[in-house]
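Novice: Sequences listed follow chains D and P, in order.
If you count the first sequence from 1, position 152 lands on 152 in our numbering, and the numbers rise without skipping.
If you count the second sequence from 1, position 41 lands on 41 in our numbering, and the numbers rise without skipping.
Treat the hints with caution; some may be incorrect.
[As the list claims (entries may be wrong)] Computed footprint of chain D on chain P, listed as stretches where at least three residues anywhere in the stretch have a Cβ under 8 Å from a Cβ of chain D:
| no. | segment |
| --- | --- |
| 1 | 19-31 |
| 2 | 34-43 |
| 3 | 53-60 |
[Claimed, not checked] Chain D regions said to be covered by chain P (calculated; three or more residues, Cβ under 8 Å):
| no. | segment |
| --- | --- |
| 4 | 67-76 |
| 5 | 138-149 |
Honestly, the hints are just simulated from the structure, not real lab data.
In this text, a Cβ means the ideal position worked out from N, Cα and C, and glycines have one as well.
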Amino acid sequence: MLFRNIMYTAFFSAVIAGLLLGTLQAFSTTPVIYSAEVYEVTEESPVASSIDTDNATAHSHQHNDEAWEPASDTERMTYTFLADVLIAFGHSLLLTSFLAFIFLKFGKPEISWRSGIIIGIGGYLSFYLATIIGLPPEVPGTIAADLHARQLWWTFTIIATIIGLSVLYLAPTPFKVAGLIFIVLPHIVGAPHPEVHGFLNQEQEAVSALSRLEQQFLISTAWVNLVYWLALGLLSGLFANKFLNADASLLKN
Amino acid sequence: MNTSTTQLADKTTVSISATLQIIATSLIAIIVLYGVGFNEMDIAHNSAHDARHAAVFPCH
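Produce the entire structure from the sequences given, and follow the hints as far as they go.
Specialist: Laid out in structure tokens, this is it:
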């Protein structure tokens, strides 16, 4: 049963890769987010109201008294780990489904930790590198364009990059140029950007601190996501080799 | 003749069903990622906040 075996593969890969991701974040990206939140200003504050928010939404917490939020740092960290495992589950499901699909249709590559790592690198390029070209990693308190426009571009970029990389990987040489077109297309369209780049908190001290944190966040997300995708690819390939290789649905002819 | 037809039919069934199963797992992946990454309810946003930022989902 292919469905069940892909789910098993993703489950075991996600638990390990998700916990690894959460642990790496706890020492790298999360402290940066916490530091940036120190400079957050509320919508009502005089500093914030001086900014034109018609075309740009304030990238800040909407501190609504009635909204639920984690009560302590420990609870907050626990939910981050949980979210990381769920994200890893989604990523591994996609990765394993892709591996099973190309094996089914093209008979290559063999399902192993090696091919898992290759698809993992593809995941890093699609979900991280391609998206940050248009939408750089943001710390809380950054002024950003409309959320839905950004989500749309982000999703479109990931799909186009996955298609592009797949064509590059699988198509015969004369058609590989089509893959490059898909990869470049989202960046020709361009990501939605706010009219001014900056931070909600415009005090001199805050701007210089947030600019520094923004750089730090770019570096930490870059290596944390790389390690995560390599691990997720390796684990998914490894578990897929165990669960999928003997799957009757994949063994055609 | 009968046997080969049956085998062919069996193989076709298996192949279609494998593709459908892969489509099903991919759809579940998209639903899970949408839920963790894009759900705007306060409870979903506030619990997944740090993970969203670190995995560079568009946030806020």
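Novice: Hints first: check each against the structure and report whether it holds.
Specialist: Results for each hint:
Counting residues of the segment 19-31 of chain P whose beta-carbon sits less than 8 Å from any beta-carbon of chain D gives 9, enough to reach three: the coverage restraint holds. Coverage of the segment 34-43 of chain P by chain D holds in this model, with 6 residues showing a Cβ closer than 8 Å to a Cβ of that chain against a need of three. Judged by the Cβ-Cβ criterion of 8 Å, the segment 53-60 of chain P is covered by chain D as claimed, because 8 of its residues qualify and three suffice. Evaluation of the coverage hint for the segment 67-76 of chain D: fulfilled, as 5 residues show C-beta separations to chain P shorter than 8 Å, against a requirement of three.
Requiring three or more residues with a Cβ within less than 8 Å of a Cβ of chain P, the coverage given for the segment 138-149 of chain D holds, as 5 such residues are present.
The structure fails none of the hints (numbered hints given earlier).
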